[in-house]
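Undergrad: Chain by chain, the residues run as shown.
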Amino acid sequence: MPFLWFKRWRRGASAANATALAGRDGPALAAVCQAVLPVWSHHVDTSRRQVEQAIGDILGSFAALAPRLGHAVSESRAASQALGAEGAGGLVQQCRQALQPLSETITRSVSDKAAMLQGVQQLGQVTGELRQMAEEVRAIARQTNLLSINAAIEAARAGEAGKGFAVVAAEVRRLSALSQETGRSITDRVQAAVTAIEQVGITAQASASRDAAASASASRTIDDVLQTMGQAVSGLQLSAQGLATDAEAAQAQIHQLFISFQFQDRLNQILGLLHADMQRLHAALADPLAAAGALDAQAWLVQLESRYAMAEQHQAPPTRVAAPARAAGQATTAAPPPAAAPAPTEVDFF
Amino acid sequence: MAKTILVIDDSASLRQLVRLTLQAAGYDCLEADDGLTALAKLDGRKIHLAVCDVNMPGMDGITFVGQARTRAAYKFLPVIMLTTESQQAKKDAGKAAGARAWIVKPFSPPQLLDAVSKLCLP
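Read top to bottom, the protein sequences are chains A and B. Terminal number for the first sequence in my numbering: 350, no gaps in between. Terminal number for the second sequence in my numbering: 122, no gaps in between.
Honestly, the hints are just simulated from the structure, not real lab data. Backbone N, C-alpha and C define an ideal beta-carbon position, used for all residues, glycine too. Among the clues, some could well be false.
Claimed, not checked - Which residues of chain A face chain B? A partial, calculated answer using Cβ under 7 Å:
no.	residue
1	L59
2	A64
3	A66
4	Q262
Take these sequences, add in the hints, and give me the full structure.
TA: Shown next, in the form of structure tokens:
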């Protein structure tokens with residue numbers, strides 16, 4: 001649209017028309033310029049200052065935000081890298097290795113209890129043998145008692161000659177009774193021991209069963225916990241990767257914002273130069289010599305261009321001063337090319 | 001201890017952008033809005049690098065670089081010119097004055113930080 005307007009303006013404001021206009025309305029035009037230039041200049045400068053103030057305020061807010069964003073970016077990146085290096089599988093494997101001794105301890109405990117139970121069962125067998133032996137002692141005592149009775153009968157039959165033998169037979173009988181009593185006592189004690197051992201065996205059997213069940217349950221629980229943790233870590237890893245990706249994108253956008261914010265500096269320079277040039281024109285118009293026609297459009301443009309700093313300023317419409325219009329300071333201008341948004345360039349190191 | 005960078009630009013917003021960029025990377029910043037103010041900051045304190053605009057009221061950046069070179073303590077102060085000026089003649093003048101690098105605005109933060117880390121004094 002501006003280009004169409006410009007073409008129409010060019011058609012309407014030919015050099016000849018401009019010359020005629022300047023010749024006819026020169027003093028009036030100079031008066032208008034003198035009146036209006038300070039106003040335009042003021043507006044340009046006001047705009048420049050307002051933009052500068054607004055950008056300053058935005059940057060002030062951004063100054064508080066940017067470090068936090070930067071911190072979030074670095075934290076997300078670190079978390080993602082940490083999880084990425086280990087991986088969910090790696091972390092689960094580490095936990096499994098850490099829990100392995102505990103699992104082995106439980107298994108060893110169960111195994112020890114099984115061995116103890118086996119010992120108790122063997123002890124039961126031994127006590128059975130002891131009971132048998134005690135029974136045999138009592139049987140021997142009974143046989144010995146019968147033998148002593150027979151010996152006493154034979155001693156009585158021998159009369160005086162068998163008196164001494166009768167004493168021995170009586171003593172053997174007494175010892176036989178004592179042996180029988182001892183055998184009974186051993187049997188009773190062994191029975192008590194057998195009862196106690198059987199009770200211990202039952203208790204040990206129940207304990208071993210419980211421990212085996214607990215061991216199996218513990219293993220299953222460890223597996224379940226590790227699986228759940230693995231899933232959680234995988235979720236966290238995905239989340240951290242997503243955060244890191246978002247953080248990278250946010251970082252890139254922050255950098256792009258930094259580049260975009262610099263438009264204010266460029267705008268400031270363009271408007272500053274425009275402001276200064278309007279003031280220069282106003283001052284020149286106030287000069288009686290200039291007002292009398294000493295203003296030179298070509299020299300003016302050369303001086304203006306000499307103060308350009310940016311490439312896009314040099315891309316301004318090429319201006320040529322039309323010969324008939326020079327006296328009146330009129331110029332014709334080619335169509336303005338579209339203003340390209342500047343992008344960062346390479347650093348020149350010296 | 002953080003290194004100190006002197007940021008010289010007449011645009012407050014530009015100084016702020018440069019400061020934000022440098023502070024995020026762990027540098028401390030001093031600010032000046034033209035060459036004269038910047039020279040006043042060269043008062044013996046340790047400055048590891050300067051980032052300097054070219055066109056400024058008061059004293060321009062190229063003159064500042066030349067003046068800084070005359071001070072013994074800052075004779076080897078690395079200066080990065082950060083400017084909208086892209087003309088080779090200006091670059092040559094900056095190089096002749098003693099600038100170490102030339103960046104045409106707008107700058108990107110990674111680009112500026114890369115140049116700063118390459119030239120910063122130990």
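Undergrad: Are the hints correct? Go through all of them and say.
TA: Cross-check of the supplied hints:
1. L59: holds (5 Å)
2. A64: This hint is violated: A64 (chain A) lies away from chain B, its Cβ roughly 10 Å from the closest one there, beyond 7 Å.
3. A66: holds (5 Å)
4. Q262: holds (4 Å)
Against the hints set out earlier in the document, a violation occurs for number 2 only.
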